[in-house]
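> Residue strings, one per chain:
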Amino acid sequence: MLFPLAAGIAAGALGLVPFLHTNLLLQLTQNWFYGLGLAAFAAALAFSHSVFEIIPSVFLFVPSGGQALSMLPAHELAMKGKAVLAARTVLHSMLASFAAALALLPIGLVALPLLFDAVAPYSPFILIALAASTFLAEKGKNAIAGIFIFLLSGAFGFLLFSFPIQKEPLFPLLSGLFGIPAVLLSFGGKPAKPEGEKGPKGFLADARLVGAGAVLGMLSDLLPALSPAFVSSIALAFFEESPLAFLQVNAAVISSKMLYDFVAVFSVGKARSGAAVAVQQAVIATDWSQFLIVIAAGAAAFFAALAVLLFASRKLAGVMASLGSRMNAAVLAIIVAAVFAYGGPAGLFTAGAATCIGLLPPLVGARRSHTMGALIVPSIVYSLGWAGPLALLVKTF
Amino acid sequence: MEDGKLAVACVFLALLGTVMLVFLARETEPQKMEIGALGMDDVGRLVEVGGAITGVSERDGNFFLKLCSDKCVQVVVFRSLAQEMKVSSIDLSLLKAGGAVSVSGLVKEYRGELEVVPFDRNSIEVTRSGSAA
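As given, the protein sequences belong to chains U and A, one line each in that order.
Per my numbering, the very first residue in the first sequence carries number 1; after that it's consecutive.
Per my numbering, the very first residue in the second sequence carries number 1; after that it's consecutive.
To be clear, the hints were calculated from the coordinates, so they are not data collected in a lab.
Beta carbons: idealized from backbone N, C-alpha and C, even for Gly.
Incorrect hints may appear among the rest.
[Said to hold, decoys possible] Simulated restraints on C-beta separations:
id, chain 1, residue 1, chain 2, residue 2, range
1, U, Ser289, A, Met20, 31 to 39 Å
2, U, Ala307, A, Phe12, 47 to 55 Å
3, U, Ser242, A, Glu84, 27 to 35 Å
4, A, Lys96, U, Phe303, 29 to 37 Å
[Unchecked claim] To be clear about the criterion: a stretch of chain U counts as covered by chain A if any three or more of its residues have a C-beta under 8 Å from a C-beta of chain A, and this derived list gives those stretches:
id, region
5, 242-252
6, 380-392
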């Protein structure tokens, strides 16, 4: 089991390469192992990647000042010269949340199956209510813009996932909604400047925010298509809306949700992420000794990656800052090439149209999480049983 | 270009992309798949599967076919479509175990199990009558 674990940690370190998603890495490496070895590898890769990807997400693709209204919280801090504070806050919050999520595990194992059965019949209505809460959290005309972006993304996602237009639409879709717009908007932006030796000291996670994030991360596995950013934006309707608060809640949701993505495979038989799907296909989901191995592999990779970054975050920050916006064009070319290699002309078309949708929130000053409608709307439609009539409408209209 | 004009251009291009996707979707044929290759990732997708009928049941006008090849999947035909099929293409009450059909439909999940749900009156084609009609 040590070799899959080490390979998973090493593959997860590729999270330092911008927009190299866990699912893509898993697809490229899925033949390396099989059975329980594959499950341990997938869990290690997912946890390691979730930690390493913090560095490019904080230090690269800081947009120009004109996009301040919808700037990502980490980039807002980076613009103020507080990039290392942002990175260390995220790392500390992930650590605290993971500890809390592990402590909640006995409760989660008992409560999740019960809650899942109770929530399942109402899941489309809960998803609608959660989406509505993000519109209400917007100010003025941004609420209408948010609804428009959510529905447009939703229609786009429904068409992509319901019809065999292309085999694997997720990578081109997410690249278009998030990756390419981030790179495009960072042309002309200033690279994040690390604080150097005068950076933040002490433990930077707020117990209240991280605790809430850990619980929400666990509960988010009850519903399909909920991303950590979407859950965090809902949570912050009840907390102070500062960049640091968002970073803490979001980091806490990420590490807790990652753990419970794997717990859900064994406790309710649901796979809520690409890595969880890989684990589900590789293990016997009723074998609790296999559950312990998967969780142990994930935890070991998480702590190893965290330790590396806590020691090396300042040095990596310096490297990333020196790269700055010079690498934007190269990263854009790599994403486009990867989309073409992965999805061919149909992939490029999907990514291009999705880029137009992904650019809308920053351009109109709305939240970027509205574009998650691309995953949430299809889930609502399928849960309500409307997929058939809608597909028929598309086919016959 | 200022943000307002860029936003309008993006809205136009995003709508154009979605409309083009509708036209592409209209041209797509269901993806031919083996029953054993169906997974949770395929929920919501339009597929075509074929196999032998190993069981047929009817409740309140809704028909349930058990279709098997390398694995088995349940095909669910709801009452309104079953009635439409009866008038225009196939009487599902005449299907019996031993026959073989090809089914186009959406993959759905019901209580943890995958189902294929036809949505068109021409979605079921008899490929071997066997003891069927």
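> Please go over all the hints and tell whether each is borne out by the structure.
Here is what the structure says about each hint:
At roughly 51 Å, the beta-carbon separation of U/Ser289 and A/Met20 lies outside the given 31 to 39 Å, and the hint is violated. In this structure the hint that U/Ala307 and A/Phe12 lie 47 to 55 Å apart at CB holds, the actual value being about 49 Å. Roughly 57 Å separates the CB atoms of U/Ser242 and A/Glu84, a value that falls outside the hinted 27 to 35 Å. In this structure, A/Lys96 and U/Phe303 break the distance hint of 29 to 37 Å, their C-beta atoms being roughly 60 Å apart.
Evaluation of the coverage hint for the region 242-252 of chain U: breached, as 0 residues show C-beta separations to chain A shorter than 8 Å, against a requirement of three. Here the region 380-392 of chain U counts 8 residues with a CB under 8 Å from a CB of chain A, which clears the bar of 3, and the coverage holds.
When held up to the earlier numbered hints, the structure conflicts with 1, 3, 4 and 5 and fits the remainder.
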